[in-house]
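Engineer: Take a look at the letters that make up each chain.
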Amino acid sequence: MRITVIVNGASHTREVEPRLLLIHFLRDDLGLTGSHWGCDTSNCGACVVWLDETPVKSCTVLAAMADGHRVRTVEDLERGGVLDPVQQGFTECHGLQCGFCTPGMMMTARALLDRNPNPTAAQVREALSGQICRCTGYENIVRSVLWASARQAEADPARPGGPALDGRGPA
Amino acid sequence: MNAAGAAPGAYGPHARKEDARFIRGAGTFVDDVALTGMLHGAVLRSPLAHARITGLDISAAAAHPKVEAVITGQMLAEQGLAWMPTLSGDVQAVLATDKVRFQGQEVAFVVAQDRYSARDALELITVDYEPLPPLIDAKRALLDGAPLIRDDQPGRTTNHIFDWEAGDLQATDAAFAGADVVVARDLVYPRSHPAPLETCGVVADSDRITGKLTVWATSQAPHVHRTLYATFLGLPEHKIRVISPDIGGGFGSKVPLYPGYLCAIVASMRTARPVKWVEDRSENLMATAFARDYHMHGEIAATRDGRILGLRASVLADHGAFNATAQPSRFPAGFFSVFTGSYDVPAAHCQVRAVYTNKAPGGVAYACSFRVTEAVYLVERLVDALAIELGADPVRLRMRNLLRPEQFPYRSPTGWEYDSGDYPRTLAVALQTAGYDDLRREQAERRGRGELMGIGVSCFTDAVGAGPRAHMDILGLGMADGAELRVHPTGKAVLAVSCQTQGQGHETTFAQIVAAELGLSADDVEVVHGDTDRTPFGLGTYGSRSTPVSGAAAVVAARRVRERARIVAGAMLEVSPQDLAWTGGRWQVRGDPGRSVGIPAIAMAAHSALDLPDGIEGHLDDKAVYNPPNLTFPNGAYICVVDVDPGTGVVTVRRFIAVDDCGVRINPMIVAGQVHRGLADGLGIALMQEISFDADGNCLSGSFMDYLLPTAVECPSFELAETVTPCPHHPIGAKGIGESATVGSPAAVVNAVIDALRPLGVTHIDMPMTPANVWLAIEAARARDGRE
Ligand code: FES
Ligand code: FES
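First to last, the sequence lines map onto chains A and B. Each residue of the first sequence is one higher than the one before, counting from 64 in this note's numbering. Each residue of the second sequence is one higher than the one before, counting from 91 in this note's numbering.
No lab work stands behind these hints, which were simulated from the structure alone. Glycine included, C-beta positions come from ideal geometry on N, C-alpha and C. It cannot be assumed that every hint is accurate.
Said to hold, decoys possible - Which residues of chain A face chain B? A partial, calculated answer using Cβ under 7 Å:
1) D103
2) R188
3) C198
Unchecked claim - Listed next, the stretches of chain B that the computed footprint assigns to chain A, with coverage defined by at least 3 CB atoms under 8 Å from CB atoms of chain A:
4) 108-114
5) 137-146
6) 364-376
Said to hold, decoys possible - Chain B regions said to be covered by chain A (calculated; three or more residues, Cβ under 8 Å):
7) 395-402
8) 590-603
9) 751-763
10) 787-796
11) 803-809
With the rest of the complex left out, here is chain A (with noise of 0.2 Å):
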């Protein structure tokens, strides 16, 4: 079957097979291998992407279910040579140790913190419950999502969730 995929802005068009898996046709067909895979029963969310806002896992998601959305991946953190608050939060906290686990926490990071800005150390670790570290004990993600959080607050104050409001972000 014939699909069209928005994929980090740019439009594809493939013949896929309709049980060819998202994960898969990023990697395989796209070349875009910053998504992993790690399991086969959607438990370690190494394959986490977004489709439209909201981040899926790739590897329970057929290419077919993604014809006509928008996919942002790992790829697309990083934008005109700025890398977002979470990949720097990932350096500076040591969050990350083979990398293996790392994009798909970072996109499910960014998700969080769109929607709360200012989320607690507990809703961070809430958040990325559905996925698996075999490294950092996440103990340093977590400290890695919270400094995104400070960072991105420090250089847009107006943001919800910044040092001008109560410190609570949306639900």
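Chain A is already provided as a structure; the job is to place chain B with the ligands on it using the hints.
Structural biologist: Below, chain B with the ligands alone, put in the same frame as chain A:
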């Protein structure tokens, strides 16, 4: 810090160089390698744990329009490749020819144009199996008349693999005979799996014209793999290049050779196309190196007032269907005999008996420092059991028996020589960080309210950095590591090392090591690793050996470069090299701080037309092979605080305090990250992770639905502190850290849960302490109470 002459500021937290690619999704993992014309392999696996193969029909699979080749054990046997060597001197079936011996064993290999077609074709293969009785229980495997698993070995009549012992049996028996108190425990360290987030995989590319075989593999030991491929496949070693690209975690499970690697290589040779094979998660959990599966009986002897007199242990080790453990060959039970741990134990003896069962092969993996995990768990559980028996506080009992600083270097009763440590201070720092007395007060209050709060302590001594080549080799390959260092004319350096990072941050730490020795910035040192064509020989990254062995090699190479630089500097400054002192990262004329040169200027001079003194040929480079004089012994004290829900058996880890002494810390940020990982391991292993089987040998833990791993919600925020006693025999005093927390932490969690359940009279629960297991123990204790 005893890094003689290290430039100030080179050690310390330094953002990792490798992060730049990973945060952009630009790493290159094995499955990211895509070559022109590449084919995809898939393995057909046995659904049965033990069965004779009576028929195999591949014709339908071979006829699939997208299938390029189907390989069977029979075809491999014709080339003499059906059985491959393991790292323990046994053989393992690449593809089964006669029998299958565990569920998930490799039976056939399909190569197709794409991943999906390769999987489709597996369905088209029919195998006829004649089921045989499976042996799942290690004890039953030793009974008379037990079915023989390894009937491929001529003359073999039992499932027994080896008996091994250490220590002084007579002295230990005498110590026990004279003791006031003897406490015994039967402890199972269950079968676990390291489950790195990236599964195992390979891309094999055999070039028909040049004869060169290039293998991108998830390998923690690329040089060892190259040598094994050369001897097994009969290929000239210089025509084999093994590349370990970015590796998504290893934890020991990527040390062995796996049948899938060999199948992909053979398939590439047959098809003259590159072949990729990447296992899925259930294959990873069912067929690659598991960890532990140690069934231990331990006894501790002491005086009434709490002086430990002796320790003994007898262990039944389940090695699965092939003896494929990865450890120094002369240590079939790894370093288990370091089981006297952090204590001054006058007499000790242990014996380990290993058996075959119808389960996946492995045993040494998962950051275990070659079975030190099992050893630490045993002694730390026994010390807690002794505390219960004596009615003593577990901390005071430990303090009483810990080795004292003046006892180092300490010769243990099983023959190890511990390098350095201040164990009482390390425990004291842990107690202080935890607020131990306050915790005990809080616990008393909560107990008064019927709440179950527990505090668990574990002191550990790890044994890493294997190892001295006189004693340690793997299949005859001595465990020494090479390093090569080149300084370019502009003073930028390239270090090539044999060890391979799977997330440990070698590209940063090793750059810092060289920078410190040469007065450079770590940003000016590039680290090359994971490619046998570009790096010197060495045994790889596992057993926390990178910094102790390869790191030392890097230091020695850098110091040799520094000495060469001294001669050049002498020529530049027109003084004798003897009149130069290495000061602040530069060669300086003694007594004349105004006259000095740094490595960049010296490097340019060494490559220039400068008339160089005798004994130096020009350019600025050198190399080293480091043969460690001894192991290193990182150590620590951990405290875990848990709450147990009496209604559900759910254990919540509230706090986890870790104090580590890994000697000199090169990059404390990376050290802390390594400890975090190991603490999460301890929590997972103690509370949820187990590879289990039903009576027919079906693996019940073949996915992340059933093999539970801790997430961010189960892990608390970890609290770390440190002590530093530099390793006296390592050139910069480092001891290694990668496995410390995995080794030390499970016992702290278990001790905490048992401590929580003390009021109920529960004295032991085997891992994993799942809600069900804890709840059952609580119910059993209550039933006992009701009866009494
Ligand atoms: S690969 Fe998608 S959740 Fe694991
Ligand atoms: S950094 Fe390795 S799995 Fe998270």
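Engineer: Count the residues of the stretch 590-603 of chain B with a beta-carbon closer than 8 Å to any beta-carbon of chain A: does the count reach three?
Structural biologist: Check passed, 4 qualifying residues.
Engineer: Just to be careful: measuring from the Cβ of A/C198 to every Cβ in chain B, is the smallest value less than 7 Å?
Structural biologist: holds (5 Å)
Engineer: Is the interface hint for A/R188 satisfied, with its Cβ closer than 7 Å to some Cβ of chain B?
Structural biologist: holds (4 Å)
Engineer: Between the stretch 751-763 of chain B and chain A, are there enough contacts, at least three residues with CB-CB distance under 8 Å, for the coverage claim to hold?
Structural biologist: holds (count 4)
Engineer: Checking C-beta pairs, does the stretch 395-402 of chain B have three or more residues closer than 8 Å to chain A?
Structural biologist: Coverage by chain A is violated here, the residue count being 0 at a Cβ distance below 8 Å.
Engineer: Tell me if A/D103 is really an interface residue toward chain B, meaning its C-beta lies closer than 7 Å to one of theirs.
Structural biologist: holds (5 Å)
Engineer: Verify the coverage statement for the stretch 803-809 of chain B against chain A, using a C-beta to C-beta distance below 8 Å and requiring 3 or more qualifying residues.
Structural biologist: Since 4 is at least three, the answer is holds.
Engineer: Can you confirm whether chain A covers the stretch 137-146 of chain B, using C-beta to C-beta distances below 8 Å and requiring at least three such residues?
Structural biologist: Contact hint for the stretch 137-146 of chain B vs chain A: violated, 0 residues under 8 Å.
Engineer: Apply the coverage criterion to the stretch 364-376 of chain B and chain A: a residue qualifies when its Cβ sits closer than 8 Å to a Cβ of the chain, and three qualifying residues are needed.
Structural biologist: Coverage by chain A holds here, the residue count being 3 at a Cβ distance below 8 Å.
Engineer: Are at least 3 residues of the stretch 787-796 of chain B within less than 8 Å of chain A when you compare beta carbons?
Structural biologist: holds (count 3)
Engineer: How does the stretch 108-114 of chain B fare against chain A when you require at least three residues with a CB closer than 8 Å, holds or violated?
Structural biologist: holds (count 7)
In this structure, the earlier hints numbered 5, 7 are contradicted, and the remaining ones agree with it.
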